[in-house]
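Q: Chain by chain, the residues:
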Amino acid sequence: DAKTTQPNSMESNEEEPVHLPCNHSTISGTDYIHWYRQLPSQGPEYVIHGLTSNVNNRMASLAIAEDRKSSTLILHRATLRDAAVYYCILSPSGNTGKLIFGQGTTLQVKP
Amino acid sequence: DAGITQSPRYKITETGRQVTLMCHQTWSHSYMFWYRQDLGHGLRLIYYSAAADITDKGEVPDGYVVSRSKTENFPLTLESATRSQTSVYFCASRVVLAPPNEQFFGPGTRLTVL
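First to last, the protein sequences are chains A and B.
Counting from 1, one number per residue, gives the positions in the first sequence under my numbering.
Counting from 1001, one number per residue, gives the positions in the second sequence under my numbering.
Read the hints as simulated data drawn from the structure, not as lab findings.
Take these hints with a grain of salt, some might be off.
[Said to hold, decoys possible] Coverage of chain B stretches by chain A, computed from C-beta distances (three or more under 8 Å per stretch; other residues unrestricted): (1) 1009-1018; (2) 1040-1048.
[Claimed, not checked] Think about it this way: if two alpha-carbon atoms lie no more than 27 Å apart in a straight line, the pair counts; the simulated DSSO-like pairs of lysine-lysine are: (3) B:1011 / B:1057; (4) B:1011 / B:1070; (5) B:1070 / A:98; (6) B:1011 / A:3; (7) A:3 / B:1070; (8) A:98 / A:69; (9) A:3 / A:69; (10) B:1070 / B:1057; (11) A:3 / A:110.
No residue lacks a Cβ here, since even glycine has one placed at the ideal position from N, Cα and C.
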């Protein structure tokens, strides 16, 4: 399974944009890039996913590098509720849906 | 409300005892998963199931047993609990359709083995 590398922690101010980076230099052509987040004392929740093109949804945007070796999760206006551990995960298409979680990035949001 | 539930939410047991953690989902999702999360770490896959009566091992299956006689239920059994199995256990499910692999997670069961 291809691996991802994320910073251990990041800080942001409330209502400012946050860019969470993820490196995945060994990504294969069929790997989807997923982002999940885990709020304190809760199970993970899906944030966004993409394959090649940038993606937007109501929660966030996902910017994928042209060579697909890195990606960035963008929270456009961080709120205190966005404080969580963010996981960048690669998952091949057509597989069982197994997700291999790394350590993730702990995001702190300051008021 | 439809969703994925886990029971119990908290459990304290002793070394050597058998413990069963329950997971129930109301979506009729084909795939179900069990993960464990140790303090300060990411989740690790224990077992997963593609459908009723089909199960397979994940990253850390030793010491655990699963069954899936009905689509909606996926119990996880620790046959003889050990202290190293103290952890938070999450169940998840997803549809069998093509990507994306969005999984829906339960609220977790916090298990302490004394």
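Q: Counting residues of the segment 1040-1048 of chain B whose CB is closer than 8 Å to a CB in chain A, do you get three or more?
A: Contact hint for the segment 1040-1048 of chain B vs chain A: holds, 6 residues under 8 Å.
Q: Hinted pair, alpha-carbon criterion (27 Å max): residue 1070 of chain B, residue 1057 of chain B. Please report holds or violated.
A: OK: residue 1070 of chain B and residue 1057 of chain B at ~18 Å, within 27 Å.
Q: For the pair supplied as a hint, residue 3 of chain A and residue 1070 of chain B, confirm whether the alpha-carbon distance does not exceed 27 Å.
A: Answer violated: residue 3 of chain A to residue 1070 of chain B is near 34 Å, above 27 Å.
Q: What's the verdict on residue 3 of chain A and residue 110 of chain A, does the C-alpha distance respect the 27 Å limit or exceed it?
A: The given pair, whose Cα atoms are some 30 Å apart, is violated under the 27 Å limit.
Q: Starting from residue 1011 of chain B, check that the Cα of residue 1057 of chain B is at most 27 Å away, please.
A: holds, 24 Å
Q: Against the 27 Å threshold, does the CA-CA distance of residue 1070 of chain B and residue 98 of chain A hold or violate the hint?
A: Distance of about 21 Å is within 27 Å: holds.
Q: Within 27 Å, alpha carbon to alpha carbon, are residue 3 of chain A and residue 69 of chain A?
A: holds, 11 Å
Q: Checking C-beta pairs, does the segment 1009-1018 of chain B have three or more residues closer than 8 Å to chain A?
A: violated (count 0)
Q: Is residue 1011 of chain B within 27 Å of residue 3 of chain A, Cα to Cα?
A: violated, 33 Å
Q: For the pair supplied as a hint, residue 1011 of chain B and residue 1070 of chain B, is the alpha-carbon distance within the 27 Å limit?
A: holds, 24 Å
Q: Just to be careful, I want the Cα atoms of residue 98 of chain A and residue 69 of chain A compared with a cutoff of 27 Å; is the pair within it?
A: Cα-Cα ~21 Å, so holds.
Consistency note: the structure conflicts with the earlier hints numbered 1, 6, 7, 11.
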